[in-house]
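There are 2 protein chains.
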Amino acid sequence: MTLKGNALVGQSGGPTSVINSSLYGVIAEARNHSCIENVYGAIHGIEGVLKREIIDLTRQDEGTIQGLTRTPGAALGGCRYRVQDEDLERIFQVFQEYNIKYFFYIGGNDSMDTAHRISEYAKEIGDGVLRVIGIPKTIDNDLPVTHHCPGFGSCAKYVATSVREAGLHTASMYTSEPITILQTVGRNTGWLPGASALARMDEEDAPHIICFPEVPFELNQFLGKVEDTYRRVGGAFIVVGEGLRKADGSYVSAQADEVGTDAFGHPMLGGASDYLREAIEKNLKIKARNVKLDICQQAAMHFASARDVKDAIAVGRSAVKAAVDGKSGYMVTLLEEEGATSFSELEKVANLEREVPREWIDPSGSYVTTEFLNYARPLIQGEVEVKIRAGLPAYVKLRKIMV
Amino acid sequence: MTLKGNALVGQSGGPTSVINSSLYGVIAEARNHSCIENVYGAIHGIEGVLKREIIDLTRQDEGTIQGLTRTPGAALGGCRYRVQDEDLERIFQVFQEYNIKYFFYIGGNDSMDTAHRISEYAKEIGDGVLRVIGIPKTIDNDLPVTHHCPGFGSCAKYVATSVREAGLHTASMYTSEPITILQTVGRNTGWLPGASALARMDEEDAPHIICFPEVPFELNQFLGKVEDTYRRVGGAFIVVGEGLRKADGSYVSAQADEVGTDAFGHPMLGGASDYLREAIEKNLKIKARNVKLDICQQAAMHFASARDVKDAIAVGRSAVKAAVDGKSGYMVTLLEEEGATSFSELEKVANLEREVPREWIDPSGSYVTTEFLNYARPLIQGEVEVKIRAGLPAYVKLRKIMV
Chain D
0 MTLKGNALVG
10 QSGGPTSVIN
20 SSLYGVIAEA
30 RNHSCIENVY
40 GAIHGIEGVL
50 KREIIDLTRQ
60 DEGTIQGLTR
70 TPGAALGGCR
80 YRVQDEDLER
90 IFQVFQEYNI
100 KYFFYIGGND
110 SMDTAHRISE
120 YAKEIGDGVL
130 RVIGIPKTID
140 NDLPVTHHCP
150 GFGSCAKYVA
160 TSVREAGLHT
170 ASMYTSEPIT
180 ILQTVGRNTG
190 WLPGASALAR
200 MDEEDAPHII
210 CFPEVPFELN
220 QFLGKVEDTY
230 RRVGGAFIVV
240 GEGLRKADGS
250 YVSAQADEVG
260 TDAFGHPMLG
270 GASDYLREAI
280 EKNLKIKARN
290 VKLDICQQAA
300 MHFASARDVK
310 DAIAVGRSAV
320 KAAVDGKSGY
330 MVTLLEEEGA
340 TSFSELEKVA
350 NLEREVPREW
360 IDPSGSYVTT
370 EFLNYARPLI
380 QGEVEVKIRA
390 GLPAYVKLRK
400 IMV
Chain S
0 MTLKGNALVG
10 QSGGPTSVIN
20 SSLYGVIAEA
30 RNHSCIENVY
40 GAIHGIEGVL
50 KREIIDLTRQ
60 DEGTIQGLTR
70 TPGAALGGCR
80 YRVQDEDLER
90 IFQVFQEYNI
100 KYFFYIGGND
110 SMDTAHRISE
120 YAKEIGDGVL
130 RVIGIPKTID
140 NDLPVTHHCP
150 GFGSCAKYVA
160 TSVREAGLHT
170 ASMYTSEPIT
180 ILQTVGRNTG
190 WLPGASALAR
200 MDEEDAPHII
210 CFPEVPFELN
220 QFLGKVEDTY
230 RRVGGAFIVV
240 GEGLRKADGS
250 YVSAQADEVG
260 TDAFGHPMLG
270 GASDYLREAI
280 EKNLKIKARN
290 VKLDICQQAA
300 MHFASARDVK
310 DAIAVGRSAV
320 KAAVDGKSGY
330 MVTLLEEEGA
340 TSFSELEKVA
350 NLEREVPREW
360 IDPSGSYVTT
370 EFLNYARPLI
380 QGEVEVKIRA
390 GLPAYVKLRK
400 IMV
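Protein chains in written order, with numbering that gives the first Met the number 0: chain D, 0 to 402; chain S, 0 to 402.
Just to be clear, a hint being listed does not mean it is correct.
[Said to hold, decoys possible] Computed beta-carbon distance windows for the label pairs:
id	chain 1	residue 1	chain 2	residue 2	range
1	S	201	D	370	45 to 53 Å
2	S	144	D	60	28 to 36 Å
3	D	233	S	146	45 to 53 Å
4	D	124	S	217	54 to 62 Å
5	D	65	S	339	38 to 46 Å
6	D	388	S	284	49 to 57 Å
Treat the hints as calculated values from the structure; they're not laboratory data. Note that the Cβ used here is the ideal one computed from N, Cα and C, for glycine as well.
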């Protein structure tokens, strides 16, 4: 049962504020298991494996390793590379060369597909070659099976904070600049725009209208809601998910076509809030501004969720424990309780998306229900103490000690 | 010399994270002077005076008053109303009705023009009618005479933090999404894009290229710099001021014309980063994304500068002391030392803009010098402890107790 060798960990897809906390979890847990001789890190995920860009994580300063739980971005580098069939042989050559017996891949839907294919290939080659465990991360919160995704809580906390702050700002300028549209990330699901509802303190507060990618967008209905809100409170604060679509499935974002698609064929979504702003100004003749926090949402470590950091460390640790115990071909999942984990077969999560349940969106289609709020609220609890140097958060970088 | 009566305070222009700290300074200092009987607040600045929407600030809960120093937006409401000649008589009628002897106006360049006109009108009518003191605020940091403006430090701290975080994020995705353009506010001056340079820890860190409104934009030169950076570090992080202009003075923002102008004839600037993103993608065929933090910059109380809050309280307090001492027609200015204030005649600051000195921008035109960094760094020091409730900052609202 015991498999002696090295562990390799990679980060994949877009980073989250806590993707490095999962990396920390892997490194810290590996120390408890003597069968894992060294922990190596692949630079830019599977791209680094293919290019033999592999660094030694056991020879970093302890302060740097600890600092990973307080540093945004992907310390090893992320990637959006789609593994080709012909890559697999190469990958296993490199694994053999570096005596890799444990492979941990931290990522979202697409990355779990990569992990799954590597795991399947390992099974074909034979037992004892490699154990593969996927570690979830995605601010989109759209992975199936897991109760929630590491990264979502911090992003939701930052989005809700930004909406509360920008909402107060907007309300104080209703007589001259009455409308703000804030665009969240989250691709085809509305977990993040929905979480902005946590910002509301009183009935008249932001957000007033939430546009979910799950609810087909109807321009006239939307404009009617904006006008109603404007008449009722004197302005309107709208939150829109980047992946907002019309009934025919096309993205409202005028830019979607121009911007093109990424390596996995997903559209690069840019302009949902631009579209809504123009629609309001042209049709209602009311001034509107739009906010595109974009990657600042995935990187806002300075106001991350402590709960999220704990969960992210837990999935990293659980992955190592499971692999050492003989598990392979699984992704760690999170349960409702803080830091509690379970597992799902990789094939059950790879390439799949979990939408916000329709019953968690209210009948109007433009706000969440109490169930949604009760689900999201625990995930944004607790503040992370980042180190401050000269007035700014001090973050760490891994040294590129090549193996 | 002693003038007995009520004080009226208004907030004008766009809010900053610390505009309510100045309001707090006025209210707290007024308590020390028995000649000020009540402190009233005008809702939406001078608009509230014209509409007799005036609330009692002496009858608010003490917790709310204290909480003003930790609350973004303009608690009284801001405005962008340009006072007309025919308004002045009406304004003074209202002042007389409410026995207003002290008028404090918290605002930027345009608001100082309003204060100046009211002050001049008071002089015409006669001595002892009204004392007027302007209290500076603007994240743009473009008021002349004052060493810096309350609001700038907090905005700079948030921008630099966002650039450090989004910079780490971008660097970890250089192999797939190599370029980020982050747009700051700040109208025609480059104080905020310049302050983003505080984010850089190492030579290869973000920001790599800063586009200052003070430096005429040349597309080919810009593209050359982007290509150089891309070749040197594998990607590029660009910070652009919203008011970026070409040599002929026109805004690069394609939207500038469509979006129109505000009440003071200033263009509503939206799209400098959209323009740069398109220029890069079309000409260099490299994927780029853009971030528009927009009003989140002016409202990011959750990571405001403690130094800025202290300065903002100080200008509020100094305004009251000066008015009680008989001064009128002045704006409070800040000196280099924390909380130290002086004064400038309102006419010397109204409607004027202070640009970043050319010698504080390096010869390339796309980065700051050490002098700039030494100027800006002290202004972002110290963190403000906001109250947290259920994982989010808890902010206060004034009760609308009409006089």
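Each hint, compared with the structure:
| no. | hint | in the structure |
| --- | --- | --- |
| 1 | 201/S with 370/D: 45 to 53 Å | holds (46 Å) |
| 2 | 144/S with 60/D: 28 to 36 Å | violated (48 Å) |
| 3 | 233/D with 146/S: 45 to 53 Å | violated (37 Å) |
| 4 | 124/D with 217/S: 54 to 62 Å | holds (57 Å) |
| 5 | 65/D with 339/S: 38 to 46 Å | holds (40 Å) |
| 6 | 388/D with 284/S: 49 to 57 Å | violated (38 Å) |
In this structure, the earlier hints numbered 2, 3 and 6 are contradicted, and the remaining ones agree with it.
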